[in-house]
Amino acid sequence: MSTIAHADHNHHDHKPTGIKRWIFSTNHKDIGTMYLVFSLIMFFIGGSMAMVIRAELFQPGLQFVDPQFYNSMVTVHALVMIFGAVMPAGVGLANWMIPIMIGAPDMALPRMNNMSFWIMPFAFALLLSTLFMDGGGPAGGWTMYPPLVLQTGKAFPFLIFAVHFLGISSIMGAINIIATVFNMRAPGMTLMRMPLFVWTWVITAFLLIASLPVLAGAVTMLLTDKYFGTSFFNAAGGGDPVLFQHIFWFFGHPEVYILALPAFGIISQIIPTFARKPLFGYASMVYATASIAILSFFVWAHHMFTVGLPINGELFFMYATMLIAVPTGVKVFNWVATMWKGAMTFEAPMLFALAFVVLFTIGGFSGLMLGITPVDFQYHDTYFVVAHFHYVLLTGAVFALMASAYYWLPKWTGNMYDEKLAKVHFWASAISANVLFFPQHFLGLAGMPRRIPDYSVQFADFNMISSLGGFAYGISQLLFVYIVVKCALGGKKASGQVWEGARGLEWTLSSPPPYHSFTKPPKVTKELMEY
Amino acid sequence: MYLNKSMTRFLTNILVIFSLLFMLSPNILNAAWGLNMTQGVTPISQDVYNMHMTSLYVVTVIGILVFSVMFWSIFHHRKSKGIKPAKFSHSTTVEIVWTLIPFAIIVALAIPATKLLARMDDTSKSEVTIKATGYQWKWKYDYIDEDITIYSNLAADSVDASQKNSGIDPKTADNYLRNTDTALVLPVGKKIRIMTTASDVIHAWWVPDLGWKRDAIPGFINDNWTVINKEGVYRGQCAEICGKGHGYMPIVVKAVPEKEYTAWVQETKLALKSKKESGDKELSMDELKSKGETVYKANCLACHQANGQGIKGVFPALDGSPIATVKSRITEHIRQVIYGKNNMPAFGEQLSDTDIAAVVTYERNTWGNKTGDIIQPKDVAESRKK
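These protein sequences, in sequence, are chains A and B.
For the first sequence, position 287 (counting from the first letter as 1) is numbered 287 according to this note's numbering, and the numbering increases by one without interruption.
For the second sequence, position 36 (counting from the first letter as 1) is numbered 36 according to this note's numbering, and the numbering increases by one without interruption.
Isolated chain B, as found in the complex:
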């Protein structure tokens, strides 16, 4: 008898809780909630979705059957109904049957899964090859056939809004934590090979709409492929814990028609070239500081913090630090940015001379650091030669 009463109580409780939750979340009725896996935009992602749904249906049916028997028993086979317990304790036939049936179900699931896996594994005949390298905490993309290398950082408005108690509503940031300063541009309808690797710790490259994720492991290269069927912007993020900035290294794939892709490749090559050449230009303190702030936000802030204080015991402070304030150590400062030190990665490859000059100038003239030192791109170029 007791359970009936408590069942009613249970159901009432659930109703109350859920109505409370409805009131708490005004978005619930907007149907903007993602409940299920995406079907994605590639043939593989569609198959993965179908396989997911098949297994979900299978376990749901098994669950309904098993739990129905259980709850039927709970309601009917109870002492309060004056039932005398049965004595049976085994039945070999039944036990064999319910060993074989799950086995058959598993075989039935394993067959399509095996076929799908074999298709996902075949990276041959790709037309575009990309190498994605994970860094703490950004992605580098090499277009292997095009001699293009781009770095993809968390977008600046997300950086601002994601600071602790920033006072900025995450909703106001464009695609909060899922937006980058530079997107990975890919052509639609082509077989694209995406190799993943890493420079420091293990990361994982994941865009749900492409239907898979793959670890990016330092010293090793993993091979994957995709064919994107639909133009659009597809977002994902690093999926393997990689330290403090793990939640802050998004991936943005921009799929464009082939023509647009070819144009983008030309444009980007030119832009990269002119960026290299601009290293000869002299810049003013203001120009350097404002550029330096952008570079700092994308590359340095995660560890050394917005206020330059770092985190005690892990990431050293820059504010008041001798290397960032003593004049005789300017070269050392520049070289540390280029070559890294201990856990600090080397930025020499990913940042141009202008970027490094700007960020070093910024660090020497911000917070309590008032050195007045101006570092020019040519100083950085000189440091590289030493």
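Extracted from the complex, chain A is given alone in its bound form:
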């Protein structure tokens, strides 16, 4: 197989060289690579802001930054991590993997693919430039609640247009993925044979298309409130500040699953590979993912239980929120059942995937607790919430992305990564992330609100532990960069199959795959996809 692929490779490998290859690229693999590199850079930019936050919180008193700058760190850290690191990493993986997983020669809309990537560096240039302006960056939280966000100075229009551009970029990416998956599958690649990663991404793409225009509308209303005298969110003019929160979270909650669903897909690829056993309950995985996606549009107000909703509204959103635990539980049970009676090995991707299952579930547990409205009145806006969403987003989404990087690096580069170092990276990350975020549960329960630059001395000890964990986690990620660079530059050659237990079209290609792959559609059989 790999020799055939190589012949193919030589024949079709016409590509522009130098910088033009990247600027004008319409190749899904190159664009995927650019997305992934971009997201890694943003991960470190956002991460360095987290380091500023943890340094300031290392002990009580104000040591390093003033409160306004602290607030802008909290705000921009979130925007960078969500829109700059996790979402683009997901799109990058989709670009790289979806065509070769479904046997397509490229994405359906290659030029739009190029545009959706190249919007992003400009959008982030807009956003990050505000940190160097008089008055500093946006400092009202990434949720941009009015009236506070309307007090933002020169940074305000930059924030709004950055969000607009990022939204446009994501919507184009989503359209591309939907068009690709519905039109370009190889013969025999039926919907219910598609790898779970492809399924979760299609569903994610629909979430993006449905939710991002809503965010764009919300921030546009902010813009007109600030500069054109409208009063959408200004009570004095007959508006309602809470209206913004409803609109924002109608986007914001699906957004949570936009970050999480591709991670579910990644884990559903990796666990069967290393358990050498088919994914348990494939069909129920697909249905569970779809249920989560649909339910995610009916739970938004659980982010705003304390705004003073009528009790019937609070009950509705409490029930709907708790209901999400059912399909999420199904997914976790399916992963565990996939491991059950398998023949497992524990390479770095599997370690990250296992840690994902445990730690994401812990984040799910605190999520269920937060969904119980009367108790949420205590949890809301405390470090308990901070711990919760970092468990689902860092030890959840980011761990899944790390798992995917190790899983597919040999496929992308043709070289095996350094397994020993990768394991060190795993253990360092897994331990430090827990030292970082677990004590934050205690801080929240003990009464520490989130988004404060300084705190009462009773919170000092857990904050110090959390900060130490944070620094350790930050340093550990440098190791990841080293491993990736080392792997890209050379190392033991990887076979096309790479992993003994891997199944699916991408493993029938050489490693690295030819620049243009599947120019003739492969024939997909049941046997190829299963065990």
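Derived from the structure by calculation, the hints contain no laboratory data.
Hints may contain errors.
Non-contacting residues of chain B with respect to chain A, defined by C-beta distances greater than 12 angstroms in every case (computed) [unchecked claim]:
# : residue
1 : Ser-126
2 : Val-185
3 : Lys-254
4 : Val-256
5 : Thr-268
Derived lysine-lysine pairs resembling DSS-like cross-links, with alpha carbons at most 27 angstroms apart [said to hold, decoys possible]:
#  : chain 1 : residue 1 : chain 2 : residue 2
6  : A       : Lys-420   : B       : Lys-79
7  : B       : Lys-370   : B       : Lys-327
8  : B       : Lys-125   : B       : Lys-269
9  : A       : Lys-341   : A       : Lys-493
10 : B       : Lys-87    : A       : Lys-526
11 : B       : Lys-81    : A       : Lys-420
12 : A       : Lys-154   : B       : Lys-164
13 : A       : Lys-526   : B       : Lys-84
14 : B       : Lys-254   : B       : Lys-275
15 : B       : Lys-87    : A       : Lys-341
16 : B       : Lys-84    : A       : Lys-341
17 : B       : Lys-289   : B       : Lys-312
18 : A       : Lys-493   : B       : Lys-79
19 : B       : Lys-327   : B       : Lys-289
20 : A       : Lys-526   : B       : Lys-79
21 : B       : Lys-87    : A       : Lys-523
22 : A       : Lys-423   : B       : Lys-79
23 : A       : Lys-341   : B       : Lys-79
24 : A       : Lys-520   : A       : Lys-423
25 : B       : Lys-140   : B       : Lys-291
26 : B       : Lys-378   : B       : Lys-341
27 : B       : Lys-385   : B       : Lys-281
28 : A       : Lys-154   : B       : Lys-341
29 : B       : Lys-191   : B       : Lys-140
30 : A       : Lys-492   : A       : Lys-423
31 : A       : Lys-423   : B       : Lys-81
32 : B       : Lys-84    : A       : Lys-423
33 : A       : Lys-226   : B       : Lys-341
34 : B       : Lys-297   : B       : Lys-341
35 : B       : Lys-190   : B       : Lys-259
36 : B       : Lys-312   : A       : Lys-154
37 : B       : Lys-81    : A       : Lys-341
38 : B       : Lys-327   : B       : Lys-312
39 : A       : Lys-226   : B       : Lys-312
40 : A       : Lys-492   : B       : Lys-79
From a predicted model like this one, the values you see are computed outputs, not experimental measurements.
All C-beta atoms, glycine included, are put in the ideal place defined by N, C-alpha and C.
Given the structure of chain A, go ahead and fit chain B onto it with the hints provided.
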């Protein structure tokens, strides 16, 4: 085999890390650490705590079950043990069972939660009504039936210690960042209705011991209630990001017996009255400056900074600013404090004539501002009339 070795390594690492942490934090053995939610001092807060513990136990048990199966599998179903992987890929029965069980658990949790929420929602038959208004960055409390209005600022020793690199150990400040100059005094054993609202941006009023928090939203009023069972001082703080001073607007509730509460109400009414009347008195430069410093710390410092320099691009400097130095602009200076400008709130309602006279005098005679201008309460009263 590999995992066993790395498991040992993992456990050793954890031990090392935690022993290091123990050495770093001398307080750890004093058991002064808050680990869990407070049970609070109201019937509701006790129920909230119980509901919290119930859900915590439920998820802990589920977690132990699921993770045990997972780790059993990790240790036994591994390639290094020569296991041949099984082929099964689904089981409809099992899948239905593990969809229904979580559903049943959720229903079981939702029932008591619904009842509790209904009780929390019932603000009827309250005996005392308070309106808490959030300002950037302080709380105003109106005792609706008593005609009392008090403002509650961060205590002065916390203000000093919280300045960047103040050199003051936060431990030496009384309840650092959780202490105010004026407490909200409430009677024990009475149903108290607490309405929350705000004047500028959204804040959230939260005292953990009362068992809830509620947003304070400009233009809207939220309704809440509490019955405090135990005398004592209960502390909390603003829980919704509200700008630069978000971490610096604490809440202190002082719960006292009814008799003491009635006495406090009378006393406070008298004090507020005499404060109003003292507006006719002439004060000396020194008196004005020292009073002005206190007012400045509580109201102006968060934005304009201790050194009067403000923050470039956000909060204008007062030091050397024409409005605070040019004689012909004294009235404008006073009026800006009374009525506010752009993002600056209006202080006319919260500060007395004497306070405003003092702080304006202070601002015109501190840092590099050496105008020698003395502003008297009657000047402020005059400005208000214009």
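Hint by hint, here is what the structure shows:
For B:Ser-126, the non-interface assignment is confirmed: its Cβ lies about 17 angstroms from the closest Cβ of chain A, beyond the 12 angstroms cut-off. With a least CB separation of 21 angstroms from chain A, B:Val-185 remains clear of the 12 angstroms interface cut-off, as annotated. Taking the minimum C-beta to C-beta distance to chain A, about 18 angstroms, the non-interface status of B:Lys-254 holds against the 12 angstroms cut. Against the 12 angstroms criterion, B:Val-256 stays outside the reach of chain A, whose nearest CB is about 22 angstroms from its own CB.
The beta carbon of B:Thr-268 sits about 27 angstroms from the closest Cβ of chain A, which is more than 12 angstroms, so the claim that it is off the interface holds. For a cut-off of 27 angstroms, the pair hint linking A:Lys-420 to B:Lys-79 stands: about 19 angstroms separates their Cα positions. Taken as a hint, the B:Lys-370 and B:Lys-327 pair is honoured in the structure, with Cα atoms around 11 angstroms apart against an allowance of 27 angstroms. Distance restraint check for B:Lys-125 and B:Lys-269: the Cα-Cα separation of roughly 25 angstroms lies within the 27 angstroms cut-off, and the hinted pair is therefore satisfied.
Of the supplied pair hints, the one linking A:Lys-341 and A:Lys-493 is violated, its CA atoms being roughly 31 angstroms apart against a limit of 27 angstroms. Only pairs whose Cα atoms come within 27 angstroms are accepted, and B:Lys-87 paired with A:Lys-526 is accepted, the gap being roughly 15 angstroms. A C-alpha spacing of about 21 angstroms is found between B:Lys-81 and A:Lys-420, which places the hinted pair at or below 27 angstroms, so the restraint holds. Between A:Lys-154 and B:Lys-164, the direct Cα distance comes to roughly 25 angstroms. Compliance with the 27 angstroms bound is thereby established for this hinted pair.
Restraint check for A:Lys-526 and B:Lys-84: satisfied, since their Cα atoms lie roughly 22 angstroms apart, inside the 27 angstroms limit. Straight-line distance between C-alpha atoms of B:Lys-254 and B:Lys-275 comes to about 23 angstroms, which keeps the hinted pair within the 27 angstroms bound. The suggested pairing of B:Lys-87 with A:Lys-341 holds, with an alpha-carbon distance near 9 angstroms, which does not exceed 27 angstroms. Taking the CA atoms of B:Lys-84 and A:Lys-341, the gap is about 8 angstroms. The hint holds against a cut of 27 angstroms.
Between B:Lys-289 and B:Lys-312 the alpha-carbon distance is near 26 angstroms, which keeps this suggested pair within the 27 angstroms criterion. For the hint pairing A:Lys-493 with B:Lys-79, the CA-to-CA distance comes to about 24 angstroms; that is within 27 angstroms, so the pair holds. For the given pair, B:Lys-327 sits about 18 angstroms from B:Lys-289 by alpha-carbon distance, which is consistent with the 27 angstroms threshold. Our distance criterion of 27 angstroms between C-alpha atoms is met by A:Lys-526 and B:Lys-79, whose separation comes to about 25 angstroms.
A hinted pair counts as satisfied when its Cα atoms are at most 27 angstroms apart, and B:Lys-87 with A:Lys-523 qualifies at roughly 24 angstroms. Under the criterion of a C-alpha separation no larger than 27 angstroms, the hint pairing A:Lys-423 with B:Lys-79 is consistent with the structure, at around 18 angstroms. Between the alpha carbons of A:Lys-341 and B:Lys-79 the distance comes to roughly 10 angstroms, so the proposed pair stays at or under 27 angstroms and holds. This hinted pair does not check out: A:Lys-520 and A:Lys-423 have alpha carbons roughly 39 angstroms apart, beyond 27 angstroms.
Of the pairs offered as hints, the one joining B:Lys-140 and B:Lys-291 holds, with about 20 angstroms between alpha carbons and a cut-off of 27 angstroms not exceeded. For the proposed pair B:Lys-378 and B:Lys-341, the alpha carbon gap of about 23 angstroms is at most 27 angstroms, so the pair holds. With a C-alpha separation of about 18 angstroms, the suggested pairing of B:Lys-385 with B:Lys-281 holds against the 27 angstroms cut-off. Proposed proximity of A:Lys-154 and B:Lys-341 is supported: the alpha carbons are some 18 angstroms apart, at most 27 angstroms.
For the suggested pair B:Lys-191 and B:Lys-140, the alpha carbons sit about 20 angstroms apart, so the restraint of at most 27 angstroms is met. For the proposed pair A:Lys-492 and A:Lys-423, the alpha carbon gap of about 17 angstroms is at most 27 angstroms, so the pair holds. With a CA separation close to 21 angstroms, the supplied pair A:Lys-423 and B:Lys-81 stays within the 27 angstroms bound. Annotation: proposed proximity of B:Lys-84 to A:Lys-423 holds, straight-line Cα distance about 25 angstroms (limit 27 angstroms).
Between A:Lys-226 and B:Lys-341 the alpha-carbon distance is near 16 angstroms, which keeps this suggested pair within the 27 angstroms criterion. In summary, the hint linking B:Lys-297 to B:Lys-341 is supported, as the alpha carbons are separated by about 19 angstroms, within the 27 angstroms threshold. Our distance criterion of 27 angstroms between C-alpha atoms is met by B:Lys-190 and B:Lys-259, whose separation comes to about 12 angstroms. The straight-line distance between the Cα atoms of B:Lys-312 and A:Lys-154 is roughly 12 angstroms, inside the 27 angstroms bound, and the hint therefore holds.
In summary, the hint linking B:Lys-81 to A:Lys-341 is supported, as the alpha carbons are separated by about 12 angstroms, within the 27 angstroms threshold. A distance of roughly 25 angstroms separates the Cα atoms of B:Lys-327 and B:Lys-312; the hinted pair therefore holds under the 27 angstroms criterion. As the CA atoms of A:Lys-226 and B:Lys-312 are separated by approximately 21 angstroms, the hinted pair is consistent with the 27 angstroms bound. Distance restraint check for A:Lys-492 and B:Lys-79: the Cα-Cα separation of roughly 23 angstroms lies within the 27 angstroms cut-off, and the hinted pair is therefore satisfied.
In summary, the numbered hints that this structure violates are 9, 24.
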